[in-house]
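Build out the structure end to end from the sequences listed, making use of the hints.
Quick note, the sequences are listed as chains A and B, same order. Take 1 as the starting number for the first sequence in this note's numbering and just add one per residue. Take 1 as the starting number for the second sequence in this note's numbering and just add one per residue.
Okay, derived cross-link-like pairs now, SDA-like style, lysine to any residue, Cα gap no bigger than 20 Å in a straight line:
#, chain 1, residue 1, chain 2, residue 2
1, B, 112, A, 71
2, B, 204, A, 394
3, B, 211, A, 390
4, B, 208, A, 385
5, B, 296, A, 375
From chain A, some residues computed to sit far from chain B (all C-beta separations above 12 Å):
#, residue
6, 36
7, 348
8, 351
9, 560
10, 568
With the Cβ distance kept under 10 Å, some of the chain B side facing chain A (calculated, not the full set):
#, residue
11, 47
12, 80
13, 192
14, 193
What the hints contain is simulated information worked out from the structure, not anything from laboratory work. Please read all numbers here as calculations on a predicted model, not as lab measurements. All C-beta atoms, glycine included, are put in the ideal place defined by N, C-alpha and C.
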Amino acid sequence: MTATTTAPARRAPLAGAGYAASLARHRTPLLLAAAALLLVLGSVLVGTGPWPASLTVDLTGPLGDVSDWIIDHRDTHPLFLYFFGHISNAVVLSVRGVYLVLLAAGWAGVTAAAGLIAWRVAGVRLALTAVASFLVCALLGMWVPTMQTLALMVVAVLASVALGALLGLAAGLSDRVFRLLRPVLDTMQVMPAFSYLLPVVLVFGIGVPAAVLATVVYAAPPMARLTALGLRNADAGVMEAAASLGATGRQRLLTARLPLARRELLLGLNQTIMMALSMAVIASVIGAGGLGDRVYQALASVDVGAALTAGIPIVLLAVVLDRVTAAAGDRIGAAPTGRSALFGWALAAAGTVVAAVVARLVSATSWPDGWTADIARPVNKAVGWMTDHLYSGVPVIGGTADWAGRFTTWVLDPVRDGLQWLPWWAVLLLIAVLALLIGTWRTALTAVLAMAAIGVLDVWDPALDTLSQVLAGVAVTLVAGFATGIAASRSARVERLLRPVLDVFQTMPQFVYLIPVVALFGVGRAPAVAAAVIYALPAVVRITTQAMNGVDPVAMESSRSLGATRRQQLLKVQLPLARPALLLAVNQGVVLVLAVVVIGGLVGGGSLGYAAVFGLAQGDLATGLVAGAAIVLLGLMLDRVTQPTRRSGKGA
Amino acid sequence: MARPRTPLVALASATALVAVAGCGAADMTQQASPFANARGAKTVTLSVQSWVGAQANVAVAEYLLEHELGYRVDTVQIDEVPAWDALSQGRVDAILEDWGHPEQEDRYVKDKKTIRPGGELGVTGHIGWFVPTYFAKAHPDVTDWRNLDKYADSFRTAESGGKGQLLDGSPSYVTNDKALVRNLGLDYQVVFSGSEAAQITQIKQFAKSGKPFLTYWYKPQWLFEQVPMTEVKLPAYKEGCDAVPEKVACAYPHTPLKKYLNAKFAGAGGKAAAFLKNFSWGTEDQNKVALMIADKKMSPKDAAKKWVDENEKTWRAWMPR
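Shown next as structure tokens:
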């Protein structure tokens, strides 16, 4: 996920800001006046109260029927026999194929291959990192699950890249497809992964096929987006030159457009891999096996140490894959070409085979049982100490449980009760005004419609409860994220120290936090907010740091020459200039916090998150799907409300 | 934009072709895990539910299947209802601990005949409301539901909104608690912890600081060894008193836990199926293993080995002849 959040920041549109700002300045009083008028009219004409029952649709019956129909016809209906069945078989066969190859190569072969590929693509330092990472996976006794996850990943990433590239190609070449596809991709991006596990499971049953398909749905959009972006941004001069040389459309595509888009294509690959990896873990809930399953099983016995043991290989895989693909993108054009490159790859392949064969001759292909390190025990001791000493009774500042209680009573309760107290039309009005102030009438319309749809689905109250948790989580995230980001932008050393920490927090499966947050904050909404903050913080910190560093050095220099202090520089120059990027941080923070709502349902967050988990656990399509849809709509609304003015092409 | 359409069309039709090319019907009832039988071994796939008792059953069955009968065992962690679905599709071969799902039983065992009962596990399950024994000793009358309202204040938390908190567990569990609180007219708020892990962690934290709490919990469960709890008496259970979910006003029944096997596996599963049908132990044995896993943090494999080494007489009887 590293690049997901950083990429759009670079492209944040600065050009239109001035015009839009002046427009907004004139618009604001008008808007507020209109809103006040509507408020008075509404209270007289419509009355108060939550979403009226007469405007709701009950989907329990129809959705229950759909679910029953699928279960009854899954073994006989042609749709399943000739379509879904084959997809499912194809997935199983390919995952199995990759898995068998990985097992046959053995730990030595796989490690050697990882090292050599990293060396070819990204140099010696990353090669050493890759080798060390794979050895650590083995050392933790996680070799087989790591290979299972890797096999699943390989298939899912290949499928996502194929699908994404296909969609991206279509969108890159045709304006109509591009216009059609953009809202779809936008929606897919704000959709929390959990919400569509249930339908996939219903069709494919639990297990690897469902997991792979859910992963593809989740991971394909960035590839599609960046492919389209790369193709559309192709240098007009080069294209003109190619056309004047008499190249046909196909030749222009293959020899000019695609090569020019290489950087975007690789960035797309990078993001797709990161998304797929995070989904591979969530998919453990539907029986995907591998590392995610180990994390999930460890939690059943409240064993943070064991969960961490399985979580570390996930982080390592993510770091290696992220760095290697990122390096491949950076080295475009600088890489050696022709014979020497071919020779290098041949050397790499030979090295892999030699390593695999030697290891097989010397011992076995599987990692020796004795060579494992047990980190679970010390970790559990540390967690135990922490919870024993911090939970309550700390002098002066009080324990974490007291903070959680106060946070719930003083922040979460008032916000939730306030939102639920507001008449439904006032909530819609509020959203419309906010969206109009920050975005355009188009974003305002989407936001209002999304919120109204939540009312129609009859989950108004739980949605507002969830919304209050998201708002509280975002507020905490932004305060902490901006502060840390600014600190990191001022000191290179802080940034260097922070980088691995952010990596870990961004890629560590969210399930690992479950026990520690409950142990520290008790069961309820406070730990849910805490988990969300942990998850969303890294992205906000990264974007803030980048935004502050990206401020024009000339402006900084001139302000310094005018005698501005560091504080004045920050407040008067850096922050205003970085405003568009900071708004993007807000937007990302909102979307990411919302993505953890379901995890919050696992620690007592209640409302929509709990309903989504409930639906999955009870196979209750109506509850699960409605809750999932409501989360998506809430995400759509929040995304639109916080979307900075007229973003032309939203990056990834 | 007309030209590039050709490769697109070609690609799309190729994809469609591949999708249909399999031609024959694909059997959705035979969908094994791609990780199964990886090295030519005979594999049994067992489903594990999130509670530790289920882990203990599976750990011991796994150990014996691997060491005595030469099978490779895969385990999949899924919730109860999806597990039934997976069982009917053959993605898992057996559920070793089922707490009673009449709707699923009707659908899969009676109608579709894709699942067969595998006999009793030998453990009787019971769900109820519990308070910590240290609190019950200090206030003996709390163990009758009629007096619960008196203590609502002691059980209040930030989440329960001025009422007493009744801590509930994972969404996958059978619970009538919301209806019970309403129908018994209690001044309580049901707070769902969302997962058993969260619930256990919270109970432990309460116990460490000696605070009173009221929780939905079930027996057999290893946590009783660590945090002794006393059951609160609810109106007595009578056959059929929980038939209508909205009108429940009685305690939970005592349920003999059952095993279920995939029908094909039950017929053609050979020694593994015979062994799983014979597998039946007592509450005490299950708790021993569960406690080793959850409290002593032993790996399920080590815990199973320890139990197997100490109880040969019990498991010898399960071996198929």
